[in-house]
Structures are given as structure tokens and as C-alpha cells.
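First to last, the sequence lines map onto chains A and B.
The first sequence runs contiguously to residue 219 in the working numbering.
The second sequence runs contiguously to residue 488 in the working numbering.
Calculated from the structure, these hints are not laboratory results.
Computed from a predicted structure; not experimentally measured.
Some clues are possibly wrong.
[Said to hold, decoys possible] Looking from chain A toward chain B, a few residues come up when the C-beta cut is under 10 Å (computed):
#, residue
1, L4
2, S6
3, S8
4, L53
[As the list claims (entries may be wrong)] Where chain B lies over chain A, by a calculated footprint (3+ residues, C-beta under 8 Å):
#, stretch
5, 66–77
6, 93–102
[Unchecked claim] Far from chain B, by Cβ distances over 12 Å, these chain A residues were calculated:
#, residue
7, S15
8, A41
9, G156
10, L164
Cβ coordinates follow ideal geometry from the N, Cα and C atoms, glycine included.
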Amino acid sequence: MRALLSQSINLYAASLLIVSFAMISQRRILSLVHLYTTQGATLVLATATVAYLTNQPHLFYSAAITLALKVVLIPILLHRVIDRLDVRWDVETLINIPTTMLIGIVLVVFAFNLALPISQLSSSIARSTLGIALACVLLSFMMMIVRSKAIPQVIGFLAMENGLFFAATSATNGMPMIVELGIALDVLVGALILGVFMFQIREQFDSLDISHLEKLREE
Amino acid sequence: MLPATFPLFLTLLLPVAGGVVLGLYGHRDKGPELNAAFSAATLAAALWLTAEVVFGTSVLGFGERFFIDPLNAFLVALTALVGFTTSIFSMPYMRIEREHGKMTGPRMRLFHSMYQLFIAMMLVALTTNNLGVLWVAMEAATLTTVLLVSVYRTPASLEAAWKYFILCGVGIAQALFGTMLLYLAADRVIGGGEGALLWTHLAAVKEQLEPNILALAFVFLMLGYGTKVGLVPVHNWLPDAHAEGPTPISAVLSGLLLNVALYAILRCKVLADGAMTNGLPGRMMIGFGILSVVVAAFFLFRQRDVKRMFAYSSIEHMGLMTFAFGLGGPIANFAGLLHMTVHSLTKSAIFFAVGHATQRAGSQVMDEIRGLLQASPTLGWGLTIGSLAILGMPPFGVFASEFLILTSAMRQLPWATPVLLLSLAVAFAAVFGRVQAMVFGDTNLAATTHRPALFPVFLHLGLTLMLGLFVPPFLGQWYRQAAALIGG
């Protein structure tokens, strides 16, 4: 049973990576939010499994916080923003999707190489998945760069935080509780502020295209 | 006799309480006074705390969760002082903005409440012993100021705030990864749990930490917190956020937040230096520092917006400090700490003067601001003296610290000296020419309805002058202790 569970961590990690790739290739905003929710749910499963295997109660708490925050609260918030602003259009990317997928593969190779020496030094149960966690961070980072609309950028930002959270779980069996709580609070407040922001941008520009936000250039 | 943690408790509690109270009453007529009162109380608590440390040694508080040593005590005092003077300056400033229709009641409430919370988060970041909490507080300090940068709701301010949020968010995410790696390294030596992120515990075992992990961790931490310090090439948010936000916010961002971020790097550098013997952290800081000084100096020439210009000047000075701490050694560290103090005092004084001038001219474009001296001698002289001080003219403190930095560079890294000198000369030519054009000539400034609070300008410049002429012995002792803590 234990062997099966510890294998399942690898499964969750692989799903996270696939979801990250799906996010890069997804052009519809609503599907992006669904993917984000899926990513959060996978993260909850992975964290809970690690918590069970290593018998660390504080990881259960952080899995519960993740569930509340990233599977319920933030997706609801995003849905409301999308409804209120009525933005369901397809997202245009700055680079076409096949090219971004290829760059994504290069990033994954890079992340695996970077993570290899670290995971060898780690004593954590899920250390082999550190490379995947780092790859998720880099993929979300790329998503923020290539998307020109505000909501996909925000989802990229939140997905990057998911990747970091998974990295913490896989490399170190989770950060101390107080830090996790603080990070969760920051993410929540950040998401709220971004929601407020969306309305302000919309009010000013009548659009959520970030390319309007390019007036401040060096002269 | 109260325990020494009591003033620490007060220092942290007062601004949080201020944030809550002003969140309820900040839009009232007396909101600005209430803001200043809370800042004054915080300053008093911080001075009490500082006095405890000066006459004693390090203080650990709340079960090792917070700690105070000479290094952060002096930054706590500085943060509380500039926080207080900025709140004084903002009283008439924000009232005038309200009369101009740029601020409304709810925006005033947001401004005052977030101002207090911002100060609180910086104080938490400075005093916490937990590197994870340090990260959380840094991120929270960003979050509190994002809505303040966009408070005028102009297209430019929204853009600046968006950039600020996204760039700092990405930057600080890297710092989180760095913190995680640090925790991983500590986990191997002192075991898991909260103790593995406490700086005092880490510093005790820093020689045993795995050097390879620490090297990688420091790279991420340097890039992450470096974004907040405004180091080139991750500085893009800084000029926009400074130029578009309300001036009191520009003053505290430049004078305080950048310092706190640099403080975070310094704490991490101590650990990385202990684990590694190859001096990589120092070399990285030297590289980032020189690059920032050079790039910022040349960008200074191209600026037309006065707040943007002084924002670039902040990048230049943060670069100089990073360079000094990168060199290391007692003199360079001493100079870096002194430079931190005088830059923060002088730059906030300049922003006060500039803020008042732009308010009266109704524009931030330098070509549209003329004749400050004719309109108001105090304002004109304040800006002139402040600019001369920040450009490193003797007898001000900036001259003393820059002189020390350059002489240590000459000894340890001779090739860097001409590069730095040239950049400082370029910065001088750029800024002084612009300031002269604004100060002299016939004025185009309108009168204001509220008396400006310009006394903080002269208070700050007076302190800078004092530090240039004579560093009081207890202060000198204190700087030396702090410099020793960061590996002097």
C-alpha cells in the first residue's frame, strides 16, 4: 500500500506537468480557470499523500488550506471576475502555440538538470519530483510572458505559486506551518488585489488587454 | 522593570493597530493627524527598543521568533523615523490632493490604512528571526503598496501598479524558492521544523551548510530580493512606481522599502558566506552593484519627469550600497550602512521638496517647473541642498560614505574605481543641470491652500549634514558592531 502511495506521488507530479502544458496551449479563459482548479486539486492530493506517508500533521493542514484557497476560493473569485467583466474571448498569444510548446520542452529539460543535484541531497520522500515542480514554475513563468491579456497573466502568476508550493513539498516535505500560513495569506490577498485591479483596468481602458499598459516607456 | 520584548511588541503592534483604526476613520477630517500620531507613537516605541539594544546586546523575543541586533535595530529606528516624518509631510500634501480632486474620502482611508500597514510589514521584515516570515512580510509590504501606486486611477498609474505587482511578484517568487533551498540545506544539519528557518540557528551552523545548495539558494535570493532593491536588470518596476504613486509613497518606497530588501539580501549573504569559501555572494553583489550604478547614471540623463529622475538616482545609490556590501570588510560594510542611512534621509527629503514643487506646478515634467527659489525660498533651497547632498557634495554624509566606498574599492578592486567615479560624475551632470533649471528663473508656481510641511526636509538634511561632519561615538560604535555582524 505504501509503495503504491509513494508511486502515486509521481503520478500526481506528472499530472501537474501535463496541466501546465495544457495551460500553455489553452486559449479560452474559462478553460484556463478550470485547468487552474485541476492543478490545485492535484496539488491537494499530492500534499495529502506526502502528509500521510511521512506522518506529518502540519502537511494535512496545508493540504486543507490549499483545498480551500486554490480549489474553492480563488477559482470562485476568478469566475466572478470573468462573469462580471464578461470576458470569455479567446486569448491571443504573442508567440504561436506550437512554438511555445517547443520552448516548454526545452524548459523542462533545463529544470530537470537544475534539480538533479539538489534532489540528490534531499532526504524527502518526494524528492524525485523536484524537477517537475521546477518545470511547472518555469512553464507558468513563460505563460505570463507570452500572454497579452490580464486574466491569463494572473492565472500564470497563480500557477507559478502552485509550482513553488509543490517544490516546497517535494524538496523539504513542506515548509514550517507559520510560513505556509503566511504564504497562503499573501496569495489570497494578492488574488483579491488583482481582482480589484481588473475592474480598475477595465474602467480605464475598456479592455483587459495588457498591451494598453505600455505607455510608460523610456524616452 | 519591563522585559526588553515589550518595546518590540509595541513597535510592531502600534502600526498594525494604526492600520485598523485608520481603515475605519482614515477618511475623516482628522485622518492625516491620526496617521501622524500613530507614526509618532511607533517612532517612540522604536527609539525605546533601540535604546535597549544600544545599552545591552541582542534581544530575542516571543520564543526566538523575533530578534534584534545592532544591524536591524538601526534600520528599525531609521524606518520609524522616516515613517514619522513622511506622515508629517503627507498631512498638507494629501489634503491639497483631495482639494484638487485627485483623492476622495475612500481613497484617503485606503491611503492612511495601507500606509500604516506598509510600515508595520517593513518592521516585521526587519525584526523577524524567521527567513520564511521575512519573505512573507516582504511580499505583504508589496501588496500594501500596490493599491497605493494606482490610487489616482490614471492609465499611467494603473500601468505602473500592474508592473510593480507582476514584476515584484515574479521576483519575490524566486526569493521563495531560494528560501526553500535554504530550508532544505538547514534540514540536513539541524533537522526540520521551524528552527531550521530561524536566522540565529542558521548562523550558528552556517559552516556546515551544504555549499552547493547554498550557492543556488543565494542566486535565487539575490535575484528575488534584488528585484525589490531595484538592481539592474530587474529594476523596471521602480521608476514607474515612484513616478506614478503619491509622493509620500515615493518617499517611503525609496527611503525604506529598498533598504529592507537589501537587508534581506545581507542576512542571506552572511549564511552563504559562511557555507561557501569562494566568495561567490560578494562577487555577485559587486557585479549587480556596478551594473546598477552605471546603467542608472546614464538613464538619469534621459529623464524628463522629476520623480522618475530621482527614482533612477535611487537605483544608482542602491547599486553603490550593494557594491560596498559585496566588497565586504569592516570599512566597506561601515560605508554601506552609513550610505543606507544618509541615502534614505536625503532621498526622502528630496521627494518631499519635489512633491510640493510638482503639486504647485501642476506637473511632474521638469521643463514645466521653474523658479522654485522665487516662489518659495525654503522650497528652492531645500531641493538645491538636497540634490547637492545626494550627488555626494561635501560636507554631507553621502560624501563621507561614497568616499569610504571608493577608497575601499581602490584597495580591493582597483578597476572598479574609475567606473564608479565616472558614473557619479555623469549622475552629477545630469541631476544638477536639471535641478538648476527648476530652481532659478521666473516662477510659474501657483499658490497652495495649505501650508506645506517642509520641516522634515530640513530635519533630514540636518541629520545628513551631521553624519557627514561628525558621527557621534555611540552611533559609530553601533555601525561598527553592525558591520561586524555582516562579516566585517
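Taking the hints in turn, this is what the structure says about them:
1. L4: Not OK, violated: A:L4 not within 10 Å of chain B, min 25 Å.
2. S6: A:S6 check fails; min Cβ-Cβ to chain B is 19 Å, beyond 10 Å.
3. S8: With a minimum Cβ separation of about 23 Å from chain B (threshold 10 Å), the hint on A:S8 is violated.
4. L53: Interface hint status for A:L53: violated (15 Å vs cutoff 10 Å).
5. 66–77: violated (count 0)
6. 93–102: violated (count 0)
7. S15: Check passes; 21 Å lies beyond 12 Å.
8. A41: It holds; A:A41 is separated from chain B by about 22 Å at its closest Cβ, greater than 12 Å.
9. G156: violated, 9 Å
10. L164: violated, 6 Å
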